[in-house]
Amino acid sequence: MGKVFGAVAGVGAVGALYAMKKSWDPLPSVKAAGFTTVDLSAAEPNKLMVEKWRGKPIFILKKTPEMVAKQSAEQTARDIVVNGENFLICIGLCTHLGCIPAYREAKQDFKCACHGGEFDSSGIDTLAPPPSPMVIPPFNVKGNTVVLGEEGETYRQMKDAGVLA
Amino acid sequence: MAHFTKATSVHDWLNQRLAIDTLQRVLSKEYWIPKNINFLWAMGMVLAFTFGILLVSGIFLLMYYQPHVDTAFDSVNFTIMREVEFGWLWRHVHAVAASVVFLIIYIHMLTGIYYGSYKKGREMIWISGMLLFVAFSAEAFSGYMLPWGQMSYWAGMVITNLFSLGSLEFNGLVEWIRGDYVPGQAFLDRFFMLHVLLIPLAILGLIGLHFGALRIPHVNNQDGEEFDFDEEAAKYKAGNKKESKVIAFANDFLSKDMFVVSIYLIFFFYLVFWHFGFAMDAINFDPADGLKTPPHIYPEWYFLWSYEILRPFPKDPGLVAFGFAQVIFFLLPWLDRSPNAVPASRRGLFFFWFWAMVIDLIILTAMGKLPPQGIYSTIGLFAAWAFIGLWVILPFITRNEKRA
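From first to last, the protein sequence lines are chains A and B. Note that the working numbering has the first sequence beginning at 1, numbered continuously upward. Note that the working numbering has the second sequence beginning at 166, numbered continuously upward.
Just so you know, the hints here were simulated from the structure itself, not pulled from any lab data. Computed from a prediction, not measured in an experiment: that's the story for all the values here. Be aware that a few hints might be false.
Stated by the list, open to error - Keeping only pairs whose Cα atoms sit at most 25 Å apart, straight-line, the calculated DSS-like set for lysine-lysine is: (1) LYS402(B) x LYS111(A); (2) LYS200(B) x LYS534(B); (3) LYS410(B) x LYS200(B); (4) LYS421(B) x LYS400(B); (5) LYS107(A) x LYS70(A); (6) LYS31(A) x LYS480(B); (7) LYS56(A) x LYS31(A); (8) LYS111(A) x LYS56(A); (9) LYS194(B) x LYS457(B); (10) LYS159(A) x LYS62(A); (11) LYS56(A) x LYS142(A); (12) LYS457(B) x LYS111(A); (13) LYS47(A) x LYS457(B); (14) LYS159(A) x LYS52(A); (15) LYS406(B) x LYS421(B); (16) LYS200(B) x LYS402(B); (17) LYS457(B) x LYS52(A); (18) LYS194(B) x LYS402(B); (19) LYS70(A) x LYS22(A); (20) LYS52(A) x LYS111(A); (21) LYS56(A) x LYS410(B); (22) LYS159(A) x LYS406(B); (23) LYS480(B) x LYS56(A); (24) LYS111(A) x LYS534(B); (25) LYS200(B) x LYS457(B); (26) LYS142(A) x LYS31(A); (27) LYS410(B) x LYS62(A); (28) LYS107(A) x LYS194(B).
Chain A with its partners taken away, still in its complex shape (with noise of 0.2 Å):
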């Protein structure tokens, strides 16, 4: 009898805890807002463009031929090039504490002011306290578009060649 007892309340918990977890889920609206599309021909070199995704800012950094000519192997592999042109597309919080930093243009870097920490035009980070580059999201590049919250095929070969952090 103890055990049947059991067996119905441990069903019952069961249930109820997964409900409970689902509920506290992201709503369908929520996740669905979680796309943002983006066109990129507005852009231009050297002046950054901030986007909103998922709540978060999207730092978009269009690079002249002349950051391109300049930058290390490990930049380039970071650039997402749409129509010919090398773009940096990250999530522009610092990996420290998640503040936003700036962009200086004459220095082609970010400064976080909060707690000093520095990023290249590529989001690497150059100067501590952020311990990782900033992060590049999930982007399917279309046309002259690039959708966020996607994961297209070059996003998956970036993240196979380890370069997403």
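Chain A is fixed; fit chain B onto it per the hints.
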């Protein structure tokens, strides 16, 4: 059914149905308190009182607060502060009490550590107390979110990010906790629920457990003296009140408790009326903005010490150190290997350990508030290591302690 007789008074009517005489005897008139305890033992009552103040002021705030991302900020800063008559009073009372309650909790905890009130037989008092500390921390954090200012938003962002567990990148867990990719409507609503219902319920239950845990081992005393409460109580009841080492909780000891509470309330309302600003952060008077970070993110003063243990290390070791700081106090009854339940001043090395810990916590708190640059980072790093080191040496210095 029990046999009921015609009641001779309202008291008798209630007594037949609720046994109020028995309750009063067990809970107050024959609840025994050692005579030899100082004002620091009144902190429990001060805390109970402050919790009551938080509950009442919270209920008044609840009537006008709106848990919506578009209206939350104005409902607090405009409606409650300017339109509702005396709304400012409830807000300042609530904010000051939320801050001061931690000051008292820390005094309460350190008193327990200093006098060894967590030792053999009293472990459950200590553990239930630490659970209360965790519950109060969660309550404070969820409440801090509600005005939906800049610091609310970014503190919510940073603290929930901790659940990604560093390099393990459990982003799914973080998004599950938030119900969104960033703190948003779902986040505000569920933290509102946690703050006004679930965590207060847990706190009430834990307060019951904390009081219950006192019942059998009884409260410690200033000398750590072990005595037979039944024997001492018998002396008291026989009229030898002078010889007995105990007194009744009510009304005898309660009068001392209430005296301390009165002094405390003078200090409390002095803060509410003249220095309420200390419990408010200027940055939180800007509405939340997910695309603009405040220049310097820091928690409220009572979390600074554990924040500073997280901050000077790289990401993953920092999280490990932070986790260590959260759980290590729970293990105190077992890490302290000495059976002596006497004041730290009579315990040799432990005395220095205690004050080193207090000083270290103060340094960590100060460094946590300052920007992590230059010498402050270095001091913070040393203080964080000192915190860990103090816990590591505790079993060794207490193992060889002589029996006092």
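So, going through the hints one by one against the coordinates:
Under the criterion of a C-alpha separation no larger than 25 Å, the hint pairing LYS402(B) with LYS111(A) is inconsistent with the structure, at around 74 Å. A C-alpha spacing of about 41 Å is found between LYS200(B) and LYS534(B), which places the hinted pair above 25 Å, so the restraint is violated. Of the pairs offered as hints, the one joining LYS410(B) and LYS200(B) holds, with about 6 Å between alpha carbons and a cut-off of 25 Å not exceeded. Distance check on the hinted pair: LYS421(B) and LYS400(B) sit about 21 Å apart at the alpha-carbon level, within 25 Å; holds.
Of the pairs offered as hints, the one joining LYS107(A) and LYS70(A) holds, with about 13 Å between alpha carbons and a cut-off of 25 Å not exceeded. Distance restraint check for LYS31(A) and LYS480(B): the Cα-Cα separation of roughly 29 Å exceeds the 25 Å cut-off, and the hinted pair is therefore not satisfied. Distance check on the hinted pair: LYS56(A) and LYS31(A) sit about 14 Å apart at the alpha-carbon level, within 25 Å; holds. Annotation: proposed proximity of LYS111(A) to LYS56(A) holds, straight-line Cα distance about 18 Å (limit 25 Å).
Distance restraint check for LYS194(B) and LYS457(B): the Cα-Cα separation of roughly 59 Å exceeds the 25 Å cut-off, and the hinted pair is therefore not satisfied. At most 25 Å may separate the alpha-carbon atoms for a hinted pair to count; LYS159(A) and LYS62(A) meet this at roughly 21 Å. With a CA separation close to 22 Å, the supplied pair LYS56(A) and LYS142(A) stays within the 25 Å bound. For the suggested pair LYS457(B) and LYS111(A), the alpha carbons sit about 14 Å apart, so the restraint of at most 25 Å is met.
Restraint check for LYS47(A) and LYS457(B): the C-alpha separation of about 18 Å stays at or below 25 Å, so the hint holds. Simply put, LYS159(A) and LYS52(A) have alpha-carbon atoms about 22 Å apart, close enough for the 25 Å limit, and the pair holds. Only pairs whose Cα atoms come within 25 Å are accepted, and LYS406(B) paired with LYS421(B) is accepted, the gap being roughly 17 Å. Taken as a hint, the LYS200(B) and LYS402(B) pair is honoured in the structure, with Cα atoms around 15 Å apart against an allowance of 25 Å.
The straight-line distance between the Cα atoms of LYS457(B) and LYS52(A) is roughly 12 Å, inside the 25 Å bound, and the hint therefore holds. Using a Cα cut-off of 25 Å, the hinted pair LYS194(B) and LYS402(B) holds, with the two alpha carbons roughly 10 Å apart. About 49 Å separates the Cα atoms of LYS70(A) and LYS22(A), which puts this hinted pair outside 25 Å; it is violated. Distance restraint check for LYS52(A) and LYS111(A): the Cα-Cα separation of roughly 20 Å lies within the 25 Å cut-off, and the hinted pair is therefore satisfied.
With a C-alpha separation of about 64 Å, the suggested pairing of LYS56(A) with LYS410(B) is violated against the 25 Å cut-off. About 79 Å separates the Cα atoms of LYS159(A) and LYS406(B), which puts this hinted pair outside 25 Å; it is violated. Between LYS480(B) and LYS56(A), the direct Cα distance comes to roughly 21 Å. Compliance with the 25 Å bound is thereby established for this hinted pair. Only pairs whose Cα atoms come within 25 Å are accepted, and LYS111(A) paired with LYS534(B) is accepted, the gap being roughly 22 Å.
Among the hinted pairs, LYS200(B) with LYS457(B) is inconsistent with the structure: their alpha-carbon atoms are about 57 Å apart, more than 25 Å. Taking the CA atoms of LYS142(A) and LYS31(A), the gap is about 21 Å. The hint holds against a cut of 25 Å. For the given pair, LYS410(B) sits about 81 Å from LYS62(A) by alpha-carbon distance, which is inconsistent with the 25 Å threshold. Our distance criterion of 25 Å between C-alpha atoms is broken by LYS107(A) and LYS194(B), whose separation comes to about 76 Å.
The structure shown violates the earlier hints numbered 1, 2, 6, 9, 19, 21, 22, 25, 27 and 28.
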